[in-house]
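Visitor: The lines below spell out each chain.
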Amino acid sequence: MKYTEEHEWLRVEGDLVVVGITEHAAEQLGDVVFVELPELETQVAKGDEVCVIESVKAASDILAPCDGEIVAVNDALSDAPGMVNDDPQGDAWFFKMKLDDMSVLDDFMSEDEYKAFIG
Amino acid sequence: MAEGGQNGDLQRTVLHDLHLDLGAKMVPFAGYAMPVQYKPGVMAEHLHTRAQAGLFDVSHMGQVILRGEAAAAALERLVPVDLQGLAEGRQRYAMFTDERGGILDDLMVANRGDHLFLVVNAACKEADIAHMRAHMDGVTVTPVTDRALIALQGPLAEAALAALVPGVAAMRFMDVATYDWDGAALWVSRSGYTGEDGFEISVPEPCAGAFARALLARPEVAPIGLGARDSLRLEAGLCLYGNDITRDTTPVEAALGWAIQKVRRRGGAREGGFPGADVILRQLETGPERRRVGLRPEGRAPMRAGTQLFADDTADTPVGTVTSGAYGPSIEAPMSMGYLPAALSATGTQVFGELRGKRHPARVVDLPFRPAGYRK
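Read top to bottom, the protein sequences are chains A and B. If you count the first sequence from 1, position 27 lands on 27 in the working numbering, and the numbers rise without skipping. If you count the second sequence from 1, position 347 lands on 347 in the working numbering, and the numbers rise without skipping.
Certain hints may be false.
Simulated DEER-style distance windows between Cβ atoms [said to hold, decoys possible]:
(1) G82/A to E205/B: 58 to 66 angstroms
(2) G357/B to G90/A: 49 to 57 angstroms
(3) A80/A to G273/B: 50 to 58 angstroms
(4) D248/B to D101/A: 47 to 55 angstroms
(5) W258/B to M1/A: 33 to 41 angstroms
(6) H115/B to D91/A: 56 to 64 angstroms
(7) A58/A to G287/B: 30 to 38 angstroms
(8) E332/B to K115/A: 29 to 37 angstroms
(9) S78/A to D366/B: 22 to 30 angstroms
(10) G272/B to A80/A: 37 to 45 angstroms
Derived by calculation from the structure, the hints in this document are not laboratory data. Computed from a prediction, not measured in an experiment: that's the story for all the values here. Think of the CB as a built atom: it goes at the ideal place given N, C-alpha and C, for glycine as much as any other residue.
Modelling step: build the complete structure from the supplied sequences, incorporating the hints.
Guide: Okay, structure coming up:
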């Protein structure tokens, strides 16, 4: 598992990368009440706003962590956004991407580095 | 996902340490460090209040005493409300208006026999006190600075408070009375800001911590933060000053005409005589050009404050704005309040809110979103 400074986690699954938000992020957001997922087969660039998460407190965006194509989205989140709080690093993944260049994953934080990052 | 701002130079309520003990997340609010939520979080706190009883620290709000033989008549010169007809032991909702009919603040006024007791919004309290002192000759305006204010709200609020103060069970909605608890005089009103039955209790600061802990020791009582306070009041269709009502909205536009009794309206014995009376009394008769409404967005996406409203999904010019919006944990759906032109304000009318560049339908609905549980 790799981690971004935007509190996303990235898990390699074959030639795809699965993206979600960290437990820390879910806790900070509070109860999630709405998730808007990206459209399938969209080409995205690193930093693009690809998902919207609304919690009881506020709206926030999930950014594309790398350049690539969205190849799967977790539709279950649309009907049950609370999954993001219940299982942020498991069932509540947001989307899967096919990266233009898998080697960019090396630039992200390891679990230990992320733990140090959030203090 | 940054934490709230610096809490260093903020005022603290007397219950500050209790909030920290209870694991509250503190945020700046109206110049005070206030608990926005405790460990269970906004959703659980909201639902707990609806099911059992929630305890809120609202000590940041302004408590003010007015003394003087003609205090009620003097205050009537600043609010469009019948206060001379307010019976002893009763409380009433009011608002300070300006010359344009705009709302300077909303408040509660209680007749406590030899004085009036007011509760005003935290962010407005200094201005309200100055306003009253400037315009009420012969009335002494005294801020109460040595009392905390605690709200206990929910269907089990009566049971919880009556266990400490048995007399409160006899109170009805908007009654006020004084009770003794452990030698301290509690100024109790049966009212609140959640749409639930409940009480607001002014308690001397030295006893406030012990009193709050005594309530929290009961299994049905949990501490509730500002986050759930906001979703509770919005489900109840209640206005937040600064959002839903401001100097740019009149009481009639804000659908608060019910708070203006006949005696202050055209043809009434004490017609007008408050700032902006010409505007407000005319709007009461002819109807306002725009009106505060409830909105239910389709789907799950909340339309929050600031969301622009359009008559259809192509129009260039917005017809209104959302002034409060959130997810309603009890109605399990998003809900908003906002202003729409009279022609679009009828129940059932469809409008569109623009979220992230896309127009989403929303329907005008009757307020409140959830029926109130007041003990009338």
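Visitor: Next, verify each hint and record whether it holds.
Guide: Each hint tested on the structure:
Distance hint check: the CB atoms of G82/A and E205/B are about 40 angstroms apart, inconsistent with the given range 58 to 66 angstroms. The hinted range of 49 to 57 angstroms is not satisfied by G357/B and G90/A, whose Cβ atoms lie roughly 32 angstroms apart. Between A80/A and G273/B the CB atoms are about 56 angstroms apart, so this pair conforms to the stated range of 50 to 58 angstroms. At about 53 angstroms, the beta-carbon gap between D248/B and D101/A stays in the expected band of 47 to 55 angstroms.
Separated by about 57 angstroms at the C-beta atoms, W258/B and M1/A break the suggested range of 33 to 41 angstroms. Restraint check, H115/B to D91/A: a C-beta distance of roughly 59 angstroms satisfies the suggested window 56 to 64 angstroms. A hinted range of 30 to 38 angstroms holds for the C-beta pair A58/A and G287/B, which are about 36 angstroms apart. Taking 29 to 37 angstroms as the suggested C-beta distance range, the pair E332/B and K115/A conforms, at roughly 35 angstroms.
The hinted range of 22 to 30 angstroms is satisfied by S78/A and D366/B, whose Cβ atoms lie roughly 28 angstroms apart. At roughly 55 angstroms, the beta carbons of G272/B and A80/A sit outside the given window of 37 to 45 angstroms.
Comparing the model with each earlier hint shows violations of hints 1, 2, 5 and 10; every other hint is respected.
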